[in-house]
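Model the placement of chain B on the given structure of chain A, informed by the hints.
Number of protein chains: 2
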Amino acid sequence: MKNILILGADGYLGWPTSMYLSNKNYNVVATDNFYKKKIIKKLKINSLFKTPSLEKKCKIWKLKTKKKIIFENIDLCDFKKFNLFFKKIQKKLGKINTVIHFAEQPSAPYSMISPYTSNDTIYNNLIGTNNLINTIRELSPETHIVKLGTMGEYGTPNIVIEEGWLKIIHKGRSDKFLFPRQASSIYHTSKIMDTDLLWFACRNWKIKVTDLMQGPVYGISTKESQIDKNLTIDFFYDEIFGTVINRFVTQAAIGHPLTIYGKGGQTRGYIHIKDTLKCIEKAIENPPTRGHMNIYNQISETFSINEIAKKIKLAASNLSLNVKVKNIKNPRNEKEKHFYSPVYSKLKKLGFESTKLSPEILTEMIKKVLINKNKIIKKNILRNISW
Amino acid sequence: MKNILILGADGYLGWPTSMYLSNKNYNVVATDNFYKKKIIKKLKINSLFKTPSLEKKCKIWKLKTKKKIIFENIDLCDFKKFNLFFKKIQKKLGKINTVIHFAEQPSAPYSMISPYTSNDTIYNNLIGTNNLINTIRELSPETHIVKLGTMGEYGTPNIVIEEGWLKIIHKGRSDKFLFPRQASSIYHTSKIMDTDLLWFACRNWKIKVTDLMQGPVYGISTKESQIDKNLTIDFFYDEIFGTVINRFVTQAAIGHPLTIYGKGGQTRGYIHIKDTLKCIEKAIENPPTRGHMNIYNQISETFSINEIAKKIKLAASNLSLNVKVKNIKNPRNEKEKHFYSPVYSKLKKLGFESTKLSPEILTEMIKKVLINKNKIIKKNILRNISW
Numbered sequence: 001m002k003n004i005l006i007l008g009a010d011g012y013l014g015w016p017t018s019m020y021l022s023n024k025n026y027n028v029v030a031t032d033n034f035y036k037k038k039i040i041k042k043l044k045i046n047s048l049f050k051t052p053s054l055e056k057k058c059k060i061w062k063l064k065t066k067k068k069i070i071f072e073n074i075d076l077c078d079f080k081k082f083n084l085f086f087k088k089i090q091k092k093l094g095k096i097n098t099v100i101h102f103a104e105q106p107s108a109p110y111s112m113i114s115p116y117t118s119n120d121t122i123y124n125n126l127i128g129t130n131n132l133i134n135t136i137r138e139l140s141p142e143t144h145i146v147k148l149g150t151m152g153e154y155g156t157p158n159i160v161i162e163e164g165w166l167k168i169i170h171k172g173r174s175d176k177f178l179f180p181r182q183a184s185s186i187y188h189t190s191k192i193m194d195t196d197l198l199w200f201a202c203r204n205w206k207i208k209v210t211d212l213m214q215g216p217v218y219g220i221s222t223k224e225s226q227i228d229k230n231l232t233i234d235f236f237y238d239e240i241f242g243t244v245i246n247r248f249v250t251q252a253a254i255g256h257p258l259t260i261y262g263k264g265g266q267t268r269g270y271i272h273i274k275d276t277l278k279c280i281e282k283a284i285e286n287p288p289t290r291g292h293m294n295i296y297n298q299i300s301e302t303f304s305i306n307e308i309a310k311k312i313k314l315a316a317s318n319l320s321l322n323v324k325v326k327n328i329k330n331p332r333n334e335k336e337k338h339f340y341s342p343v344y345s346k347l348k349k350l351g352f353e354s355t356k357l358s359p360e361i362l363t364e365m366i367k368k369v370l371i372n373k374n375k376i377i378k379k380n381i382l383r384n385i386s387w
Numbered sequence: 001m002k003n004i005l006i007l008g009a010d011g012y013l014g015w016p017t018s019m020y021l022s023n024k025n026y027n028v029v030a031t032d033n034f035y036k037k038k039i040i041k042k043l044k045i046n047s048l049f050k051t052p053s054l055e056k057k058c059k060i061w062k063l064k065t066k067k068k069i070i071f072e073n074i075d076l077c078d079f080k081k082f083n084l085f086f087k088k089i090q091k092k093l094g095k096i097n098t099v100i101h102f103a104e105q106p107s108a109p110y111s112m113i114s115p116y117t118s119n120d121t122i123y124n125n126l127i128g129t130n131n132l133i134n135t136i137r138e139l140s141p142e143t144h145i146v147k148l149g150t151m152g153e154y155g156t157p158n159i160v161i162e163e164g165w166l167k168i169i170h171k172g173r174s175d176k177f178l179f180p181r182q183a184s185s186i187y188h189t190s191k192i193m194d195t196d197l198l199w200f201a202c203r204n205w206k207i208k209v210t211d212l213m214q215g216p217v218y219g220i221s222t223k224e225s226q227i228d229k230n231l232t233i234d235f236f237y238d239e240i241f242g243t244v245i246n247r248f249v250t251q252a253a254i255g256h257p258l259t260i261y262g263k264g265g266q267t268r269g270y271i272h273i274k275d276t277l278k279c280i281e282k283a284i285e286n287p288p289t290r291g292h293m294n295i296y297n298q299i300s301e302t303f304s305i306n307e308i309a310k311k312i313k314l315a316a317s318n319l320s321l322n323v324k325v326k327n328i329k330n331p332r333n334e335k336e337k338h339f340y341s342p343v344y345s346k347l348k349k350l351g352f353e354s355t356k357l358s359p360e361i362l363t364e365m366i367k368k369v370l371i372n373k374n375k376i377i378k379k380n381i382l383r384n385i386s387w
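Chains A and B are the protein sequences, given in the same order. Following my numbering, the numbering of the first sequence begins with 1 at its first residue and continues without gaps. Following my numbering, the numbering of the second sequence begins with 1 at its first residue and continues without gaps.
Next up, chain A with everything else stripped away, as it sits in the complex (with noise of 0.2 Å):
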């Protein structure tokens, strides 16, 4: 049985994956530090479902399941801690064979909120991924590590997004290059950064690593999360935490306009999150040898916010829900006009079979908006972040 460590398990993708991997019987240990939840509790944000904490949840699991998914409440940050539990865990289980590195602050509009918040999403993020290569480089260098990145960090260029790498023919040489990355937020350049410590680390150190270069995820709810409502998975819905689609069925079901950035064309590829379960088990599946760094750009489908606002508002109807669209002052630095044409065949030829956005699931979606709707907080839906 192999061992899988999972870091930011608490959060919207941390919970699913642990308990996705459970059932696949990995063994699963499952830290986090809380950090998000501190955040959204000063920043007085909610999740539409209420859960319990992410220790209770692991013994919910084990109740239903028999499966169990070893918790630990660690700061990744913490290179000292961080290191001693690492050690303390492959003494306890053996080599962990892969650990999966969601612990980093997740939301573009928290990084532009302030000087202090955007240090905080720098520091968290590449303190924290240092951490995790030193311990690693130091205890354990045949472990994968398998890290969350975003499509973000390509930015909109006005060439064909290739997976990861570009070959670049210049004045008759050439060379292979990370593809040039270019964000619009401090967090998506977080992400670049991080990239490039993990770069640097595959090649000095030879670990190994996969960076999954990931579109905005949407999604209620998986398999595993339906199996007893206090494995529910948080759904923001904010406009901080909550990613477009998520934003865009609560708006729909609540009977607020949804809510366009400028003119709506930004177009992005997108992700269910049951295809991300999908994708992070074949990423685990197939490590990369020694010295060298999978990327795979982790997305379904693409669309522009025009089409998701119009696929919304079909699915919406079909509940006899009349949704309107306001077009509203694009709060983001961001083309609203562009050319995008990303590659995402790498992870189909490991066998990945990708779910089409589908009236059918954003009708579902909505629905279990609706039944808990006198949970939303309204304010909460436009914050007037902007940058």
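Watch out, some of these pointers could steer you wrong.
Where chains are identical, the list cannot tell them apart; a pair therefore holds if satisfied intra-copy or between any two copies.
As the list claims (entries may be wrong) - Straight-line Cα separation of at most 27 Å, BS3-like style, residue types lysine-lysine; simulated pairs:
| id | residue 1 | residue 2 |
| --- | --- | --- |
| 1 | 42 | 81 |
| 2 | 80 | 37 |
| 3 | 223 | 348 |
| 4 | 38 | 348 |
| 5 | 67 | 206 |
Worth flagging that the hints you see were computed from the coordinates, not collected in a lab.
Relative to chain A, chain B alone:
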């Protein structure tokens, strides 16, 4: 009279830059938090010359030249304090025209000593730069930031190194990007990251930045440092803070074999400290317009390590010193034979006239070291830091 704020004014480049610009009738404010002084004390490293504190040096400068350099002890990593200080100084002097940002941890070997020193490097270099960005964008967006970068950000690619930017044509479309960066230490990677951060800030907040991609600097004095012995600049000859020419000159003077790392084919661009000053002046005189980043490759000529050793051996023989050369196991992870062809023409087009590494310069340097050879702590020549 233009106001120049120099961050990290106590360092090997900071102090001579402060004097040079003061002498050119800029109104110079020199700040430091003495972070490097603390490190060198902790590591039991010394400069070849014992110099007064920065505060005292500013007073001596005033006495000797009738020109004033304002001193302040400020930690750039403390956003609140730095921001207040910037407000205060602008209230006193009027607009700060240029900030020269030397306030970074500048040593590759230091960044590679331990997980703690690598975290320290990342924290200091990125939080500092981010605080500077946030202060400038809030209080003085017309102020020009001149940041000392490094040619090491580019690494040793198999293609010609352009000056900062590269136009890429791919699948029939084209775009312009930062020239691909791929460095060989945590320090150098932190400099890739601060470039990422500044370039994001230029695009997002329309600030003005110049990034000086400098090669290893050498030299023991400048015109201004020779005005009084108390105005002497620091000179590090150790493995951690000494740059290669300064280290080899010291080794030649004390009869230590020149420590060539590996085969010695490593080629880099070098620059005399007097040329650094001229380049910085050119950068100040030619600010970009808002939202733009000037990037200059700041070197005067390129040499392999073997070529440098040969030049120093020859210069030493003029002083009847018989210098030996010793190839030691390369403590660094770097290519010892590689293609290296950087473009460095932009500063020349602005009128920069470079100094060549001559036997006279080297002989002069060796002489100065000889006078002070009793100050040298021999065990600092090689500290056995490897990666």
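Each hint tested on the structure:
{"no.": "1", "hint": "42 to 81", "result": "both (26 Å within a copy, 24 Å between copies)"}
{"no.": "2", "hint": "80 to 37", "result": "both (23 Å within a copy, 25 Å between copies)"}
{"no.": "3", "hint": "223 to 348", "result": "within (21 Å within a copy, 64 Å between copies)"}
{"no.": "4", "hint": "38 to 348", "result": "neither (37 Å within a copy, 53 Å between copies)"}
{"no.": "5", "hint": "67 to 206", "result": "neither (34 Å within a copy, 54 Å between copies)"}
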